[in-house]
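*Asks:* These protein sequence lines map, in sequence, to chains A and B.
The numbering of the first sequence is the working numbering, which starts it at 1 and goes up by one.
The numbering of the second sequence is the working numbering, which starts it at 624 and goes up by one.
Possibly wrong hints are sitting among the right ones.
To be verified - Rough simulated footprint, nothing fancy, chain B against chain A, three-plus residues with beta-carbon under 8 angstroms:
#1 336-345
#2 350-356
#3 370-376
#4 389-400
Claimed, not checked - Dumping the calculated EDC-like pairs for lysine to aspartate or glutamate here, alpha-carbon to alpha-carbon at most 16 angstroms:
#5 A:Lys-612 / B:Glu-740
#6 B:Lys-1091 / B:Glu-1194
#7 A:Lys-25 / B:Glu-740
#8 A:Lys-613 / B:Glu-740
#9 A:Lys-613 / B:Glu-695
#10 A:Lys-381 / B:Glu-801
To be verified - Partial list, derived from the structure: chain B residues whose beta carbon lies under 7 angstroms from chain A:
#11 Trp-784
#12 Phe-1011
#13 Gly-1051
No lab work stands behind these hints: they were computed from the structure.
We put the CB at the ideal spot given by N, CA and C, even for glycine.
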Amino acid sequence: MEQLLQFFILIPFVGYVVSLFIDRKQEKMISGIAITTMAIHFVALLVFVGYWLIHNSPVLNIKHLTFYKEDNIEIFINFYFDKLTAVFALVGGGITFLVAVFSRFYLHRDSGFKRFFNTLLLFYFAYTLVIFSGNFETLFVGWEFLGITSFLLIVFYRDRYLPVKNGLKTISLYRVGDICLILSLWMSHHLWHENITFYKLNDAQLVLSHIEEHNYFAIFIIVMFVIAATIKSAQFPFSSWLPRAMEGPTTSSAIFYGSLSVHLGVFLLLRTYPYWETMLSMKVLVVAIGLITAITASLIARVQSSVKTQIAYGSMAQIGIMFIEVAMGWHVLALVHFAGNAFLRTYQLLVSPSVLGYLIHDQFFSYMPKQFGTGNSFIRKVSNSFYLWSIKEWNMDVVQFRYLWMPIKWFGRKLSFINTKVMFALLTVIYFGGLLCFIFEDKITKSIDNNLHLLFGFIGMLLVIKAFAVRKSALVAWTLIIASQFYVILAIAFLNDKYEYVEILIYISGLLVSAIVGFICLFKLKKAEKNLDLNDFYGHIYEHPGIGFLFLLSCLGFVGLPFTPSFIGIDLMFSHIHKDEYLLIIFSSVSFLFIEIAALRVYSRLFLGPHKKAYHPIAYRSS
Amino acid sequence: MVETFINKKVSSSESVAFDESHILHELKHYLPSQTPLKDFIHHNSLHAFQGMKFYDAIFKASKIFGFQATMELNDFRKLFEVGRIRPEILERIISERKGKEQLVTWKENVLSKKYDENIIPRVGQLRGNWKNSYQIDLDNMVQPLLFRVLCSYLDQGIAIWDFPVGGKSFLDSIKELEQNSFTSLFKTARAKKLLFQPNLSMTDLLKILIGNEAYFEQYLFDQQFSHRGWSGMVAAVEEKPDTLLSPKQISLNDLIVFELLMEIDNLDYVLGEKWKPLSELINVAPTDLFSEVSNSELHEVFKIWQDAFEWSYYDEVLAGVKQLSLSKQKNVDVKVSEQKSFQAMFCIDERECSLRRHIEHIDTSCETFGTPGFFTVEFYFQAHNAKFYDKLCPAPVTPKYLIKEYDVSDKRKHDLFYTNKTHQSFTGFISAFTLGFWAAIRLVQNLFKPKMAPAISNAFAHMNSKGKLTVENEDVSQQENNLQIGFTVDEMATRVASLLNGIALTKNFAPIVYVVAHGSSSANNPHHGAHDCGACSGRPGSVNARVFATMANNTKVRSVLKEQGIDIPNETQFIGGLHDTAADEIEFYDLDILNELNAKKHKEHANAFEHALDLNAKERSRRFASINTKNSLKKVRQAIKERSVSLFEPRPELGHGTNTLCIVGKRDLTKGLFLDRRAFLNSYDYKTDPEGKFLTGIMKPLGPVCGGINLEYYFSRVDNNKLGAGTKLPHNVMGLFGVANSSDGDLRPGLPWQMIEVHDPVRLLIIVEHFPDVVLKTIQSTPEMYEWFINEWVHLAAVNPETSELYYFSKGAFIPYQPLADKIHFFKDVHALLEGAKEMETNHIAHATQENLPIYFYN
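Next up, chain A with everything else stripped away, as it sits in the complex:
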């Protein structure tokens, strides 16, 4: 039975690949493939679950496909199936199938018809990967793809300003969650000395002894999970991205932000529950997050005057309650709650345009003039304040911008005091110096050797932060991104004597390909458009869709999209950082956090947004 699990991941993947090859005008074919894929998947799932139930629903676990193997590091794909997987798979499969059927008509003749179904299939592949995953690596692969597909669907209407702005906002926050996952992965590698599977986490005795042994590290791991879940499910204080992500076609909003994607935080908590089952502090944390969200989100939902944002906040409040249910151990309740909420919000979003006609008609017959309070009693003052706070979304968006992104941007701009040419010359010199030191490592003194990795790690981080803030030129930004990667590699190479050339090669091979392809794209674009600054969004995809697509791929390859060599490299590298290397882990995770944001920022500014050449209809910026 275990052997069957892989097919549930394979089916959407095959569907996705096939759908890539269909001509974009073949609407019936494209949607047909998507719907057929979903239908096959769903029916197969029903049969499988039936069979599985008859056999007393055993927990299934199977190991597949080892990417890389070394003494104590093994990176492999692992699948798993239990009650939790079954519920998420059935609900997800059902909803995706229905939404695909809906979209077939809804998106008719949209210029992005093919893009939509491609992305939907990729999303579904990512979703199944997450819910069928048997270890954190596998889950992470799905998680990453999910983030990318989210971004692609938010910026679906890529020729307008707001979708691009909000897409970047969302993916930036998602990236924070991804880094949290990477960090927890890193820590667990060191704690378990193996790539722990979810199956093993069910061994309460093992987990308990483990937690007792490494209490703080375990807490670190779980806090990271919780943050990742909190971001994905738009819980407090990371809520404000959700209403802003409703930029794509209603159907994609429904499936992502109404139902499946936002509930994955709940899934992650349920999946990791055995890990923190015994830790009261973590339970308190999760309950607190859920409770605060349930309260703030319902308050914000109450004041929303647009229908989609109201549904978003309404759904968010329910997910907050699910967090509580999970922490309290009421898992069956949480699962039923998930299913009901997912169906309800999907439907409500799909029919959200009807609200205008229905409610106006309803008011025609049942309107009652509103009664407003007067005077300035204390209670009224409190109530008004709550109203205003809710209108301002409890400042979550402002705070996030001001305290998370602004300082980094400010810092990055401060780094621009050096002339670009001087800087690159300096960087090259330092790098070769470092490389020499590395080759003759045994000849330099121990104390220098021990600190060099920190220096290089730090430089790597600075470079990527600068890349994040650069406005002058895309080429500079891209070079900085690449340079930072090489510095990070060097840093880790220094740190670890066991770090072998093979690993570096795997990583560099991935980096180089992406870096070169990226450069080619940028040079081509520069030749055509002259100006490559990043002061604004330029929307060059209108004239250069091919270059745009290639550049996106190179960005994704660069930042370690799963299955690329860079991905394995990143994973390996993190495994090589010791658990007591706090500084280096901070430097590298900040680097990896901003590298994707910086790369996608370059992509978005050059290729997305309102086209700079106004010889064809372009939407106003505010629309």
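Go by the hints and put chain B onto chain A.
*Replies:* This is chain B only, laid out in the frame that chain A set:
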């Protein structure tokens, strides 16, 4: 082309006196005037420029506001390549505009010369200096909160928690809220203090922000046009407060003051209070928004192309009209005074054009008429138990009458999925476990077996067919809110006579005269009002049809009419009805009044109508990719019906898409000419009106109504991103009055992409069957009417009814027109024609237009 800046140093001495009421008036003039979506009234998107000639106006507006005024050059060239623009027409237009000797040069310009088509708008340049000087993106900082506060204040019933202050103006409400809370919408102290400054005016704030008075007006234009959707809505609601059910005291002035405060607040927040006013940051004055726009060669090229595109079609139509009319003159021996089986009046709406063709084909002895769909009865309608009135007449008319519905026993149905209680924690929790699973079932049901539901706008639900209406007023003192309930006999007779005279139905009445209004059912469609009857203020016309029929059946009315020479025989009965243009269904009202004989006849006619609807559905289905036109009639009809109740269908029908023509004349003028649902048809007989007395009444609304529809489609088509609403798919309903993209977006007035993709952006051609001098006299009778024609916002042609000669109105006079098209094809079998019609490959204009069929003759 970069605008040449007037290079002068700004000095405060040359200030022009700033007048608040003047700028407010100007802004309101130029802002989009679309009211809340529940009342969708089509209008010229560039109404503010209507005082200018069409081309001057569109190019000027384009330069100021940055949108596309015509299709792109490349699109025109592609249309030429695919043969949609005819070479002989292009040459004729060039010769007319540029002279024969210039033909070669201009042909080359038009066909292959490269031009810089970039449009750099003037609006926004002055205000852009904030970003240039301080790297501050004020739009990003101000707009999200501004829109949210505005939407919350105006909200009609989405929010669970209403704006806490009511019954006060927007600014006063903000003040009260600021006074009575522990937090603030402002981030800094100065702005908040300013808010409470007594007699605060926008001038005070502009002095702080801008400094030099000379720039105040331009700055406000820049500011308000950075979110023209919201500003337009505010201006429209200020103008017509009753377009909101829940009244709001909003004004453009309040919006501007609040926005200026927010701008000061954000500048203070980022820069401290030390920043300089805008006028001190610039040393070159930006171009005045409304200064002359020079005519460029590119503009000339666009004019030639647009004319050529329009005349490529018009020419064919005019040729068809002339040939048909000549051939009919030859065969005058056809009996004229034949007894009609029934007569039916329809709205002039171009969507009824095909239904009329089919019903005439099925019952060759019937006769159809076209007249604006409110059937000359103007009133407010109060549905049973409704708390509001619906205006059921053209938008500019203010009725003095009220028709009330009574004796309704049906209960209104509700849909729990729309209750906002599902968004609160506890009720939401319960809903997830109950409604949640029901939602899954509902979704499956609607995907695979769509059917009518309470949340779908149902044209037939506008009025209850079993209810009764207060049509006749017996005592003028019966009043409600200053409206007279019902019409007196004289008032009824005047209206019935006016309609019958207009369409020249004053004798030879058939036993049954149908009065068929129209409406449209659609699901999940905030723009559903745009599909209903334009002559009924964007609502179904069922009540009007029924009221008119009741009036015309009234014996007292008939005796008054008889005195005026309109003798309606006793056995003639009028029956109201409603045609659902999306579902292709028809409903008749008050059938129980029919006498025995007529009841029997009606059964036959109803069958004929059903059959005609089958064919109509088939004709419409050729444009819907999801329906196979070759399927059996029954299947196609069912598919069309399901379409109107499908949640997933963004095109329940195509509305007025493709509208191009308006024919004013006898049905005979175009009966036999296949116009592909592109023509408004207004019945009129020159013989009964030699002086053009009735013609004035008919022509007057054609500009604002048909011209308005046509131009709204034109502009939404040529720049769907700026003048249209963009694609529907991401729309988010704001406050129940508009749609926007995303949570922080500007409102999107205009038509969504899905409504206009089949439309060819050409101006309306009105063809009147009368002598040119009478037509000329008619259009010149009022300046407002004349403006439409002399400024070329619509084209006008006249057909001399005696000679069938054609005349075209140009520069104030009618000149003879000789069509270039000589061969009009003939089709025998409409099924073959429809089944063989091309379906667009993509919705690019060069493909989309190929769906439009040429002119044909038919029998």
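*Asks:* Next, verify each hint and record whether it holds.
*Replies:* Hints, one by one, checked against the model:
1. With 8 residues having a Cβ less than 8 angstroms from any Cβ of chain B, the stretch 336-345 of chain A passes the three-residue criterion, so the hint holds.
2. Given as covered by chain B, the stretch 350-356 of chain A passes the check, having 7 residues with a CB less than 8 angstroms from a CB of that chain where 3 are the minimum.
3. For the stretch 370-376 of chain A, the stated coverage by chain B holds: 4 residues have a C-beta nearer than 8 angstroms to a C-beta of that chain, and at least 3 were required.
4. With 4 residues having a beta carbon nearer than 8 angstroms to a beta carbon of chain B, the stretch 389-400 of chain A meets the requirement of three or more and the stated coverage holds.
5. For the suggested pair A:Lys-612 and B:Glu-740, the alpha carbons sit about 12 angstroms apart, so the restraint of at most 16 angstroms is met.
6. For the hint linking B:Lys-1091 to B:Glu-1194, the alpha-carbon distance of about 23 angstroms lies beyond 16 angstroms, and the restraint is violated.
7. For the suggested pair A:Lys-25 and B:Glu-740, the alpha carbons sit about 28 angstroms apart, so the restraint of at most 16 angstroms is broken.
8. For the suggested pair A:Lys-613 and B:Glu-740, the alpha carbons sit about 9 angstroms apart, so the restraint of at most 16 angstroms is met.
9. Of the supplied pair hints, the one linking A:Lys-613 and B:Glu-695 holds, its CA atoms being roughly 13 angstroms apart against a limit of 16 angstroms.
10. Taken as a hint, the A:Lys-381 and B:Glu-801 pair is honoured in the structure, with Cα atoms around 10 angstroms apart against an allowance of 16 angstroms.
11. For B:Trp-784, the interface hint holds, the least distance from its beta-carbon to any beta-carbon of chain A being 4 angstroms, beneath 7 angstroms.
12. Hint status for B:Phe-1011: holds, given a least beta-carbon distance of 5 angstroms to chain A, under 7 angstroms.
13. With a cut of 7 angstroms, the hint placing B:Gly-1051 at the interface with chain A holds, because the nearest CB-to-CB distance is about 5 angstroms.
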